[in-house]
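Going down the list, the protein sequences come from chains C and A. Residue 88 in the numbering used here sits at position 105 of the first sequence; the count goes up by one each step and never skips. Residue 5 in the numbering used here sits at position 22 of the second sequence; the count goes up by one each step and never skips.
Treat the hints loosely; a few may be bogus.
[Unchecked claim] Partner residues are not named here, just some residues of chain A that face chain C (Cβ under 8 angstroms, in silico):
(1) Thr(-14)
(2) Asp(-11)
(3) Phe(-8)
(4) Ala56
(5) Leu59
(6) Ala68
(7) Tyr69
[What the hints assert, rightly or not] So the derived label-pair ranges between C-beta atoms look like this:
(8) A/Ala22 with C/Arg53: 35 to 45 angstroms
(9) A/Ala22 with C/Ser29: 33 to 43 angstroms
(10) C/Ala2 with A/Arg33: 24 to 34 angstroms
[What the hints assert, rightly or not] Which chain A residues face chain C? A few, computed with CB under 10 angstroms, are given here:
(11) Ala(-6)
(12) Glu11
(13) Leu54
(14) Glu55
Source of the hints: derived by calculation from the structure; they are not laboratory data. Ideal placement from N, C-alpha and C gives every residue a C-beta, glycine not left out.
Number of protein chains: 2
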Amino acid sequence: MHTDLDATFAALADPTRRAILTRLAAGEATVTELAAPFAMSQPAISKHLRVLERAGLVSRGRVAQRRPCRLEAGPLRDVTAWLAAYRDHWAERYQHLDDLLDELRTAEQTEPGGGTP
Amino acid sequence: MHTDLDATFAALADPTRRAILTRLAAGEATVTELAAPFAMSQPAISKHLRVLERAGLVSRGRVAQRRPCRLEAGPLRDVTAWLAAYRDHWAERYQHLDDLLDELRTAEQTEPGGGTP
DNA sequence: CCGATATAAAACCTCTTGGTTATTAAACCG
DNA sequence: CGGTTTAATAACCAAGAGGTTTTATATCGG
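Use the sequences and the hints to build the structure in full.
Here is the structure:
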């Protein structure tokens, strides 16, 4: 179930791509909408989107000629999980929160609800 | 006060470097100690360490001919902070945990000394 | 001082990245 | 039908990343 951390981190290492994700956090957008803020050609943005897509951070629908992009934040969860192992190195006094989180999480897992695909 | 997210994410995008960080989470280590597990030349590891160092993830002391490396997890905190903005996208039902975390955090800040070692 | 140990530096190679422009493909509109 | 919009593809290029081997630099231990 691992996302590919290599691909995820590499995708996140580019400021343009992070900006795209930030934009997508506000809702779906087409390629030209995403390209607008950047001083960069449309193919360049398409390439960035392909990187994000291969990292699983973005998915695309199809509406007429448009390819609306949507944020898929699943990989970010895996990144967070990886980072968790180091949390006590930068905030030792909060390390017990990990256990707290786990408790709450498993508690909430017992009662079913909507989930991400 | 921002760490350079570009550099941090790029540093984390390599599995060798992540393995090095994992190793360093267990305590300081010299370059040759770090290099040992990898089927890779010593200069290659030195290069990886330089990347980690420039990203602020590793600092080095000097003991005789040895350059002991130590984990500096500060940048990971900034990564986590950046990721936090997307948390409700991958686990909406847990979003209230953010507030919970903040509550606990400030609560612990008000009463000093009572924390975990 | 001499040799071994530990690490960095240099020079080099190849593959990837991030960008470009020009072209193609598909679906809309009139 | 023909033209316009939206996006992907292709071909190309410069720069960087990740690796190598070889060489240099400190520093220890006799």
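Hint by hint, which ones does the structure fall short of? 1 and 12
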